[in-house]
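Peer 1: Spelled out from the first residue to the last, the chains are:
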Amino acid sequence: MSGTRLASGSTRVRSPINRAPSPLLAVGLPWVSIMLAAMASFSPIIASAPVLPPLSFMVLLAWRMLRPTLLPIWAGLPLGAWDDLYSGQPFGSGIVLFSGAMLAMEAIDARFLWRGFAQDWLAGAALLAAYLLLAAAFAGLAAGYPLPMTIGPQLLLAVVLFPPVTRLVAMLDRVRLLPLRRI
Amino acid sequence: MARSQDRRPGFSRRAQVGIFTGYVVAVAGVLLGAVLLVVSLLNPGAFAFARAGAAEVARPLGAAGAESRVASQGVFAAIGAYLNAGRQNAELSREVAAARANAVAMRAIESENRRLKALLGIAEAAPRPVAAARLIGSTSASSRRFAVLSVGSRQGLVKGQPVRSGGGLIGRVVEIGPDTARVLLVTDPDNVVPVRRASDGLPGFVQGGANGRIEIRLINSGINPLHKGDVFVTSGSGGIYPPGIPVAVATQPHRDGATGHLASDPADADYVLVLPIYQPAAVATLEATQKAAPPPPEDDTP
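Residue numbers (numbering that gives the first Met the number 0), protein chains in the order written: chain A, 0 to 182; chain B, 0 to 301.
Hints are computed from structural coordinates only; laboratory data are not their basis.
Cβ coordinates follow ideal geometry from the N, Cα and C atoms, glycine included.
Treat the hints with care, as some may be off.
[What the hints assert, rightly or not] From chain B, some residues computed to sit far from chain A (all C-beta separations above 10 Å):
| # | residue |
| --- | --- |
| 1 | R12 |
| 2 | Y81 |
| 3 | L82 |
| 4 | V95 |
| 5 | S110 |
| 6 | G120 |
| 7 | S142 |
| 8 | R143 |
| 9 | V157 |
| 10 | G165 |
| 11 | G211 |
| 12 | K227 |
| 13 | V232 |
| 14 | Q251 |
| 15 | Y277 |
| 16 | Q278 |
[Said to hold, decoys possible] Non-contacting residues of chain B with respect to chain A, defined by C-beta distances greater than 10 Å in every case (computed):
| # | residue |
| --- | --- |
| 17 | G21 |
| 18 | Y22 |
| 19 | L31 |
| 20 | L40 |
| 21 | P43 |
| 22 | N88 |
| 23 | R99 |
| 24 | A100 |
| 25 | K116 |
| 26 | L119 |
| 27 | G136 |
| 28 | G159 |
| 29 | P193 |
| 30 | N210 |
| 31 | P252 |
| 32 | T284 |
[Unchecked claim] One side only, chain B facing chain A, incomplete, derived with CB under 7 Å:
| # | residue |
| --- | --- |
| 33 | A25 |
| 34 | V29 |
| 35 | A33 |
| 36 | N42 |
| 37 | G44 |
| 38 | F46 |
| 39 | A47 |
| 40 | P59 |
Given only the sequences and the hints, what does the whole structure look like? Please build it.
Peer 2: Below is the structure:
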């Protein structure tokens, strides 16, 4: 499987004949980028309200849509756990939601064999809405107090920012396949 | 885009088993996550050690971010100051004139206050802060409101200590690592702060609304005496927060309280102070009774 992961995009980047993508970068970059997105809470913004979109989840979806087989289907388990450490959600919420999203994307792929920009955006928006709604519900359970629904602006921002995030991930994908290794 | 090759294993037994195992692990992940979620809902501190470890890992990142936040705020403030320098100058001159008059009156009151306190024999020692720190992170994507401090148990922090900035109350410490600590902000719905109105001591409490606003509720219900602009400070009841720290300003009175905004926005706080618990003995007694007996049913409370 790792062979196909390396080869799947190498035709897009023009490379000298004796160069190949570095396996560490090719396999590791998606994981590292999602983990760094989870750590975006350690950014210069100290928010008194939930304002940032769920960046790590968006990057995960973007990688999953760009390269459906790059991340294994169980990737939601470790990445969700990592996100839980930084997100402030009760531990386990990220594991459930990330794993659920990977399975949902599998179902979407199985149902719609051909995809396009609008459909990807729509699927992303639906998954983001479900993610934010359930995450807010879990947080409300943890606080023991019915939270007012504050996810409206956050959801809007997340849906609007989803295409730029997919573009950003596409740029990372070119970095991932840079021919750095000499054969 | 057509379906990927990897999901069509063909007759390869190994590929078929690999895909099947992937699905099994993914479904197991959902179930495991659900179990962990239930555990952390029942016992919120269960994974505190993991979070503390993670915060330690990200500490340099957050410290760098805090530096750049302060620097960028300085740049924006400088640009803004140029833009409205003239108007601001006139306003400030007026304010300085008024403040000078006030200061004279204040000095007189202060000396009278000192004299009266000396007469009464009250020794009021201001609590020495435990540590000064930067806020290096916050949960900016979740409805729960936590922030991370750049100091921890090595600097003498313990659970429950209040955190304030120059402008007012920020929250209280809930989880501790060696060099980081997690702060429950005042805007979290789980954080209830006993307050009184600064002008007349009207008691009430402040609860976060998770959307950056806070709810001010009064203890005595009846006619709502709150007005826009009322300032609330901590009352010292409960024993955690020392009295007199500004918490909230009422912006929108409603039937049984008011909606307000924070006296001190954590985003503006350059440095924050961690204070000792106001009455540790009272807090310890309260926790002991809560451990010994479950909280009384809601109906019994008058």
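Peer 1: It remains to establish, for every hint, whether it holds in the given structure.
Peer 2: Quick rundown of the hints versus the structure:
{"no.": "1", "hint": "R12", "in the structure": "14 Å, holds"}
{"no.": "2", "hint": "Y81", "in the structure": "23 Å, holds"}
{"no.": "3", "hint": "L82", "in the structure": "23 Å, holds"}
{"no.": "4", "hint": "V95", "in the structure": "31 Å, holds"}
{"no.": "5", "hint": "S110", "in the structure": "39 Å, holds"}
{"no.": "6", "hint": "G120", "in the structure": "42 Å, holds"}
{"no.": "7", "hint": "S142", "in the structure": "4 Å, violated"}
{"no.": "8", "hint": "R143", "in the structure": "5 Å, violated"}
{"no.": "9", "hint": "V157", "in the structure": "21 Å, holds"}
{"no.": "10", "hint": "G165", "in the structure": "15 Å, holds"}
{"no.": "11", "hint": "G211", "in the structure": "3 Å, violated"}
{"no.": "12", "hint": "K227", "in the structure": "20 Å, holds"}
{"no.": "13", "hint": "V232", "in the structure": "19 Å, holds"}
{"no.": "14", "hint": "Q251", "in the structure": "14 Å, holds"}
{"no.": "15", "hint": "Y277", "in the structure": "24 Å, holds"}
{"no.": "16", "hint": "Q278", "in the structure": "25 Å, holds"}
{"no.": "17", "hint": "G21", "in the structure": "4 Å, violated"}
{"no.": "18", "hint": "Y22", "in the structure": "6 Å, violated"}
{"no.": "19", "hint": "L31", "in the structure": "7 Å, violated"}
{"no.": "20", "hint": "L40", "in the structure": "6 Å, violated"}
{"no.": "21", "hint": "P43", "in the structure": "6 Å, violated"}
{"no.": "22", "hint": "N88", "in the structure": "31 Å, holds"}
{"no.": "23", "hint": "R99", "in the structure": "35 Å, holds"}
{"no.": "24", "hint": "A100", "in the structure": "35 Å, holds"}
{"no.": "25", "hint": "K116", "in the structure": "37 Å, holds"}
{"no.": "26", "hint": "L119", "in the structure": "40 Å, holds"}
{"no.": "27", "hint": "G136", "in the structure": "4 Å, violated"}
{"no.": "28", "hint": "G159", "in the structure": "18 Å, holds"}
{"no.": "29", "hint": "P193", "in the structure": "17 Å, holds"}
{"no.": "30", "hint": "N210", "in the structure": "4 Å, violated"}
{"no.": "31", "hint": "P252", "in the structure": "18 Å, holds"}
{"no.": "32", "hint": "T284", "in the structure": "23 Å, holds"}
{"no.": "33", "hint": "A25", "in the structure": "5 Å, holds"}
{"no.": "34", "hint": "V29", "in the structure": "5 Å, holds"}
{"no.": "35", "hint": "A33", "in the structure": "6 Å, holds"}
{"no.": "36", "hint": "N42", "in the structure": "10 Å, violated"}
{"no.": "37", "hint": "G44", "in the structure": "10 Å, violated"}
{"no.": "38", "hint": "F46", "in the structure": "4 Å, holds"}
{"no.": "39", "hint": "A47", "in the structure": "9 Å, violated"}
{"no.": "40", "hint": "P59", "in the structure": "9 Å, violated"}
Figure legend: structure checked against the earlier numbered hints; hints not met, in rising order: 7, 8, 11, 17, 18, 19, 20, 21, 27, 30, 36, 37, 39 and 40.
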